[in-house]
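Trainee: Sequence:
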Amino acid sequence: MPDVLVIGAGVVGLSAAIAAQARGLSVTVVDREGPAAGASAGNAGAFAFTDILPLASPGIMRKAPGWLLDPLGPLSVPPRHALRIAPWMVRFAAACRPGRVAASVAAQTALMDLSRDELEPFLRQTGTHAMLRKDGNLQVYETEAEFAAAAPGWAARTAHGIAFRHMERDEMAELQPGLSPRFLRGTFTPGWYSIADPKLYTLALADHLRAQGGEIVTAEITALRPTDSGVEATAADGRVLTAGQAVVAAGAFSHRLARSLGERIPLETERGYNTTLPPDALDLRTQITFGGHGFVVSRLSTGIRVGGAVELGGLDLPPNFARSRAMLDKAKAFLPALRTEGGTQWMGFRPSLPDSLPAIGHARASRRVVYAFGHGHLGLTQSAGTARLVADLLTGAAPAIELSRFSPQRF
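In my numbering, the protein residues as written are 25 to 435.
Treat the hints as calculated values from the structure; they're not laboratory data.
On a predicted model such as this, the values are computed, not experimentally measured, just so you know.
Heads up, some of the hints might be wrong.
[Unchecked claim] Label-pair restraints from in silico Cβ distances:
1. 262 x 179: 52 to 60 Å
2. 173 x 198: 23 to 31 Å
3. 82 x 302: 37 to 45 Å
4. 234 x 419: 15 to 23 Å
5. 198 x 153: 40 to 48 Å
6. 156 x 357: 25 to 33 Å
7. 198 x 82: 30 to 38 Å
Don't be surprised by glycine CBs; every beta carbon is placed ideally from N, CA and C.
Make the full structure from the sequences, and use the hints.
Mentor: Rendered as structure tokens:
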């Protein structure tokens with residue numbers, strides 16, 4: 025029987041498993057499909073340490089009504105899912121109050137700082153440091169009003185010591201040739217890192233885990249049960265896996281396992297869409313964020329990825345790849361030299377909690393179960409920091425940061 029069973033072989037689960045191994049614990053990872061099968065494969069590849077502002081904010085509430093009327097816009101809720109998501113949206117609206125936002129920013133900043141500090145040592149430990157890139161991010165604005173509306177966010181980053189510089193159109197053109205002149209202003213954040221390819225990185229973590237004696241099992245865990253000596257995990261095929269402790273890091277499916285322990289955690293699914301074009305589709309020098317349109321264009325070793333937006337559509341509805349096509353059409357208009365042929369479309373599930381903070385902490389039912397899910401679009405970014413915290417919880421060490429704001433029982 026291993027010391028720890030980690031449920032979820034995405035970047036968060038594998039990072040936590042490796043951190044537990046480094047503390048001397050034996051680890052088995054179990055996943056319904058295998059390593060890098062979900063959001064860890066198709067994300068934009070960014071370590072967005074400067075992205076400290078929660079999705080839940082007064083600004084988003086002002087924009088949301090207009091966005092929701094556009095089925096292909098930056099934020100949408102499919103009509104078939106609207107009634108089901110209503111309780112989550114009520115909690116989301118409550119999290120947009122200024123006092124709640126300030127507390128979320130402080131908590132998010134602490135986790136970002138920890139994740140940044142832990143990242144490079146973790147990459148060196150796992151032999152993946154060569155995959156790290158430090159190309160920064162350029163946020164662009166089409167109007168002076170849009171630029172002015174972003175000012176409070178940049179003020180918050182200034183207060184937390186995050187470096188950036190605002191740019192005019194000619195300076196942006198030097199940084200990223202070929203950007204449409206419709207963008208009047210931009211802001212460059214040099215502390216925005218990326219990985220060469222998120223899927224290859226996650227698979228490399230799986231290889232490292234195995235090389236250190238860890239095991240990866242393919243099975244869909246449907247229920248957890250604490251026992252006097254550990255935790256039993258029941259799979260859909262009837263198998264029962266046992267371990268001394270368990271970590272729930274199953275992304276958008278995690279709330280189902282929490283429910284088997286008697287907890288109802290309001291986890292919703294941000295369905296993310298993208299198109300990955302061939303590597304020569306554009307001479308891209310830095311990641312570009314088109315904030316007013318809710319998507320990014322990023323450079324991977326395997327291609328140019330155009331993706332983002334938020335579709336709160338749950339786990340069961342079929343993909344709406346018209347969203348991918350809409351972003352690709354906009355990207356072509358914003359970057360006229362972009363060649364849009366030969367792309368591969370993708371949709372993945374990003375686990376999102378109403379206040380934009382993950383759930384990191386013990387289950388109410390048993391301290392033998394640790395939750396580590398709900399990172400939204402920041403799973404890769406916060407993976408190394410979350411891994412440190414999970415290892416602390418598994419070994420009884422004092423957590424590296426205050427965890428009360430991340431409590432799974434906060435709702």
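Trainee: Look at each hint and say if it fits the structure.
Mentor: Okay, the hints, checked on the actual structure:
{"no.": "1", "hint": "262 x 179: 52 to 60 Å", "result": "holds, 56 Å"}
{"no.": "2", "hint": "173 x 198: 23 to 31 Å", "result": "holds, 25 Å"}
{"no.": "3", "hint": "82 x 302: 37 to 45 Å", "result": "holds, 41 Å"}
{"no.": "4", "hint": "234 x 419: 15 to 23 Å", "result": "holds, 22 Å"}
{"no.": "5", "hint": "198 x 153: 40 to 48 Å", "result": "violated, 29 Å"}
{"no.": "6", "hint": "156 x 357: 25 to 33 Å", "result": "holds, 32 Å"}
{"no.": "7", "hint": "198 x 82: 30 to 38 Å", "result": "holds, 35 Å"}
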